[in-house]
Amino acid sequence: MTDLFYISLQYIRHHRVKLAVLTLAITLVGWLPLAIQSMVDQTAEQLLGRANSTPLVIGAPGSPLELSLGSLYFRSRTQSTLPYGELSALQATGYARGIPLYYRFRARDYPIVGTSPDYLPYRGLRLSQGRNFALLGEAVIGANVARELDIGVGDHVISSPESVFDLAGVYPLQMPVVGVLSPALGPDDDAIFVDLKTSWVIQGLGHGHQELNRREAVGQILKREGNNIVANASLRQFNKITPDNLDSFHFHGDNADNPISAIIPVTRDEKSAALMLGHYLEERDDVQIVRSQRVVSELLDTVFTVRDYVVVGIALVAVATGTVAILVFYLSLRLRRGERFTLARIGASRLQIVTLMATEVVFVLSLSLVLSLLLTLLTQQFGLSLMHQLLLS
Amino acid sequence: MSLQLHNLRFSYGSGFELHVPELVIQPGESIALVGPSGSGKTTLLNLVAGILRPDQGTILLGDQCLTDLSSRSWRQLRLGSIGMIFQSFELLEYLDLRDNVLLQARLAPGIAVTDKLVQRALAITSELGLGDKWRRPITALSQGERQRVAACRALLLDPPLVLADEPTGNLDPDNKQAVLDHLIDLCSRDQRMLLTVTHDHSLLPAFDRVVDMAELAAQSGTVA
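Those sequence lines, one after another, are chains L and R. If you read the first sequence in numbering that gives the first Met the number 0, its first letter stands for residue 0, the second for the next number, and so on. If you read the second sequence in numbering that gives the first Met the number 0, its first letter stands for residue 0, the second for the next number, and so on.
By construction, these hints were calculated from the structure, which means they are not laboratory data. What you are looking at is a predicted structure, and each value in this text was computed from that prediction instead of being measured. Heads up, a few of these hints could be off.
Calculated pairs, DMTMM-like style, for lysine to aspartate or glutamate (alpha carbon to alpha carbon, straight line, at most 25 angstroms) [as the list claims (entries may be wrong)]:
{"hint": "1", "chain 1": "R", "residue 1": "K132", "chain 2": "R", "residue 2": "D173"}
{"hint": "2", "chain 1": "R", "residue 1": "K115", "chain 2": "L", "residue 2": "D2"}
{"hint": "3", "chain 1": "L", "residue 1": "K17", "chain 2": "R", "residue 2": "D173"}
Only some residues are given here: those of chain L computed to face chain R with a beta carbon under 7 angstroms [unchecked claim]:
{"hint": "4", "residue": "D268"}
{"hint": "5", "residue": "I345"}
{"hint": "6", "residue": "G346"}
Simulated DEER-style distance windows between Cβ atoms [to be verified]:
{"hint": "7", "chain 1": "R", "residue 1": "T138", "chain 2": "L", "residue 2": "L368", "range": "28 to 38 angstroms"}
{"hint": "8", "chain 1": "R", "residue 1": "T138", "chain 2": "L", "residue 2": "R107", "range": "54 to 64 angstroms"}
{"hint": "9", "chain 1": "L", "residue 1": "H14", "chain 2": "R", "residue 2": "F15", "range": "34 to 44 angstroms"}
{"hint": "10", "chain 1": "R", "residue 1": "W133", "chain 2": "L", "residue 2": "A357", "range": "28 to 38 angstroms"}
{"hint": "11", "chain 1": "R", "residue 1": "N6", "chain 2": "L", "residue 2": "Q9", "range": "39 to 49 angstroms"}
{"hint": "12", "chain 1": "R", "residue 1": "V117", "chain 2": "L", "residue 2": "H14", "range": "20 to 30 angstroms"}
{"hint": "13", "chain 1": "L", "residue 1": "A357", "chain 2": "R", "residue 2": "D189", "range": "35 to 45 angstroms"}
{"hint": "14", "chain 1": "R", "residue 1": "F15", "chain 2": "L", "residue 2": "R349", "range": "20 to 30 angstroms"}
C-beta atoms are modelled at their ideal positions from N, C-alpha and C, and glycine is treated no differently.
Make a model of the complete structure from these sequences and hints.
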């Protein structure tokens, strides 16, 4: 049998290009449906899991899907906002308390999520290092952010400008990392969490600068209007919040008018949830409340439909590939008729001849099966993040 | 060890009938089978090799009666004890020279391809002038070289009987004589019997004996 295996290997080596192409084609046909099935199932599971843990979201009127995906995954093409005062309005109904989210800004590719310190315990997120953010400017980073940027407590993250050509825009804010989250296998792993007011500072709605009442600040004053002092362009604004300059940070205007992306209402019980839902659906036109599960289910219905079409397409390709493979094997067997004749004439047994002929088919099918399974395992391991990027970016 | 054919009969459905009343080949003897196309030369080789089974008669190789063997036993005997050289060489193009020479040994039951056997293969190959092409692909060899590879394969397991069907049919005149001389030398030196089918009468002087199929038929009264 070893000698037959050796002869077969020589055949395979001699026809390696033909067999490699055939193997690749069969592998793809075997792998693609499995991969799609696996990725869609995992995605559906994760999307539904996230939606189940966040059943209701309040946001500005617009696309429910955008609002749901934005508040669940911190990714949104539009930046619809509602005033922070809506949080107080929600809490005033007595049906729920609210967790604000403001996910407009990013540090590199990671979303900076301005929220309240309640967010971490609400999601059940645990810290592997440090503590929750408490002061203005402090950041808690997700596990993937820490791993990919190789940073931890004591390091800094810097917000990215929204436009590199906006020279008059807000300077990037340097934020000290005070905590690192344990892996949660969700979008929180890829986010940077800061206090809501820190997001407003990044936006320029709040700032800190040199004290203008001091004698040495005379050169930075443009004019005085009663109690107001207007600074000129030479005034230095702080792009890092430290214990020394923390007190100088302030917000102009009413915080209730400042923007947030969404509110996660946290109700006491189902009755409160139902009452709150009724309140927003019937009495409020200027905000929308969405049921994440329903929105995500609708999204998944679309995904499943697309998957079904894709799988049908692949099935047709599989039939075509299978037919071609059978034809290739058949032609190969015909081409090897002389070889069979030779082997029979020099005394090879029928079993030996069949074994030699079958090796080609067995080799291609076995290798294709192994490669398909290997690729499917890799897809299960790494395909989901790719799927998320395709679906949500 | 001699080869003896007694009262051998074989017929195809088409009406062709071959009858060999008596044919004996002594050890070390080389015989040329001649005759017109369709006279049964190749059929006779196939009968001796066991590729075809005779309708009647006996074939004795030494003391062993081949016609009493099962098809399986005869096939196994062919692998180990009968060397065959075909007109079309019957080499496998995906094997190199070495592996083509060793092919029969790899298929034969009870024979291991040891270093010793490989060295023997190399020695035979070198003797036929192909030692420097030991690992060459078969497709890189000339027709004459391929025929010599086929001869090497037939001789490797030291068979007492070598059957050759037009072993020089595809060769140019220079190569014909050279390959045949080598073959006859190797067989007679090791006391092997060589039964060769040929159409080329210019080669006949090299053989110990020439058997005309027409004469065999006349001897038996059968029209070939």
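Quiz prompt | Hint check against the structure, violated hint numbers in rising order | solution = Numbers 3, 4, in rising order.
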